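Undergrad: Sequence order for the protein chains is A, B, C, D and E. So for the first sequence, the numbering used here puts the first residue at 1; every next one is plus one. So for the second sequence, the numbering used here puts the first residue at 1; every next one is plus one. So for the third sequence, the numbering used here puts the first residue at 1; every next one is plus one. So for the fourth sequence, the numbering used here puts the first residue at 1; every next one is plus one. So for the fifth sequence, the numbering used here puts the first residue at 1; every next one is plus one.
Everything labelled a hint here was simulated from the structure, so no lab data went into it. Given the structure is predicted, the values throughout are model-derived calculations rather than measurements. A couple of the hints might just be wrong.
Heads up, the list lumps identical chains together, so a pair's fine if it works in one copy or across two of them.
Claimed, not checked - Below, a list of computed lysine-lysine pairs in the DSS-like style, where the Cα atoms sit at most 27 Å apart:
hint, residue 1, residue 2
1, K15, K35
2, K52, K35
3, K72, K35
4, K23, K35
5, K72, K23
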Amino acid sequence: MFLGRVMGNATSTVKHPSMEGWKLLLVMALQADGKTIEGDPILVVDSLGAGKGQTVMITSDGIGARELLGNKNSPVRWSVLGIRDP
Amino acid sequence: MFLGRVMGNATSTVKHPSMEGWKLLLVMALQADGKTIEGDPILVVDSLGAGKGQTVMITSDGIGARELLGNKNSPVRWSVLGIRDP
Amino acid sequence: MFLGRVMGNATSTVKHPSMEGWKLLLVMALQADGKTIEGDPILVVDSLGAGKGQTVMITSDGIGARELLGNKNSPVRWSVLGIRDP
Amino acid sequence: MFLGRVMGNATSTVKHPSMEGWKLLLVMALQADGKTIEGDPILVVDSLGAGKGQTVMITSDGIGARELLGNKNSPVRWSVLGIRDP
Amino acid sequence: MFLGRVMGNATSTVKHPSMEGWKLLLVMALQADGKTIEGDPILVVDSLGAGKGQTVMITSDGIGARELLGNKNSPVRWSVLGIRDP
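Full structure from sequences and hints, please.
TA: Structure follows, in structure tokens:
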């Protein structure tokens, strides 16, 4: 679980059925200063309505992600856990 | 889950039985610019028909991969989640 | 599982219901000298009362974290395992 | 899952009982050129007979590894998924 | 799973109840030469009696660790799999 900045999203027409109706956010990890981004972008499902530029808490837990999507066989793992208060 | 570029595939005659009939794609992670690749290639199972040069969303979730292969004991973890729209 | 230094915490009003009433610590990994911090901050749930500046042992195990929160579908993974003796 | 080169193996007399009769291969990750090795060596169980110098596909999936060893409580995670065709 | 050198241990009075009576080893990853250590120290539970300076095989598998501790809800993940023969 770490803090990240929402950079935008990625869309795909050809995808796993469990992702139907879900958008994937592109999130970059934030360093200790809370401002600098680094590394490769992570793809994250979001049910909290996070928007571009917001700071989010993200997690790699598959059980939570499958519960979120309502699909026990979904291969999705990363999801937004919370939106950090400004 | 992250974005990657399909570089080709890897074939093996001697392999785990759950991989019979499946090809493994070689995928490189994409940086934030969506163009630069980096790191080591990841091996990924694909049921969506992704081709060389395409940008794919990949995931490391074992439960989803075993469902895809229809084999509860498969050691496969990485799979293609979607093909990014051009 | 590794040693980290508690740098502070992160609050969010909009979050997964399993996190209601829990604070998330911001923890930085400690190098072998036990003093130098490095990498990106990790978000960790804590039931042991760890405070800013303390050295903690943290773990990424989702099963333990869900037990801690009393929520089988929580996407939380990282938790404090112990506070290192001074 | 990634490609690696078999560098040799590691033996231990004092070990977890589930590893009795199994050898652990030392495998180094291969970069995109399929030749350069890098990073730290990974320890991998093998039932396919991979030999020193061969290129293998390896995976970190614990469920598959426990099935391979026939031991539901084994802490082994990494195994050889296939031997890459020359 | 990889090879590491035991550097010492970490003690904590305030900790998860599943860790009562267990010591946590501090282990550094070994590079391909089997001598050079690198990265951050990992915390590992040990039932095999590994001592300072020994080379151990360690694993991140939570199921094996929970079996070792006899606690189904323990958040412990890393354990010693074997002590490498000298």
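Undergrad: Each of the hints needs a verdict: does it hold here or not?
TA: Here's how the hints hold up against the structure:
Taking the shortest alpha-carbon separations for K15 and K35, only the inter-copy value of 21 Å comes in at or below 27 Å, while the best intra-copy value is 33 Å. In this assembly of identical chains, K52 and K35 lie within 27 Å of each other by CA distance both inside one copy and across copies; the values are 14 Å within and 21 Å between. Taking CA atoms no more than 27 Å apart as the test, K72 paired with K35 passes in neither setting, with 36 Å inside one copy and 33 Å between copies. For a Cα distance limit of 27 Å, the shortest separation of K23 from K35 qualifies both inside one copy, at 25 Å, and across copies, at 21 Å.
In this homomeric assembly, K72 and K23 come within 27 Å of each other (Cα to Cα) both inside a single copy, at 18 Å, and across copies, at 25 Å.
Violated hint: 3 only; the structure is consistent with all others.
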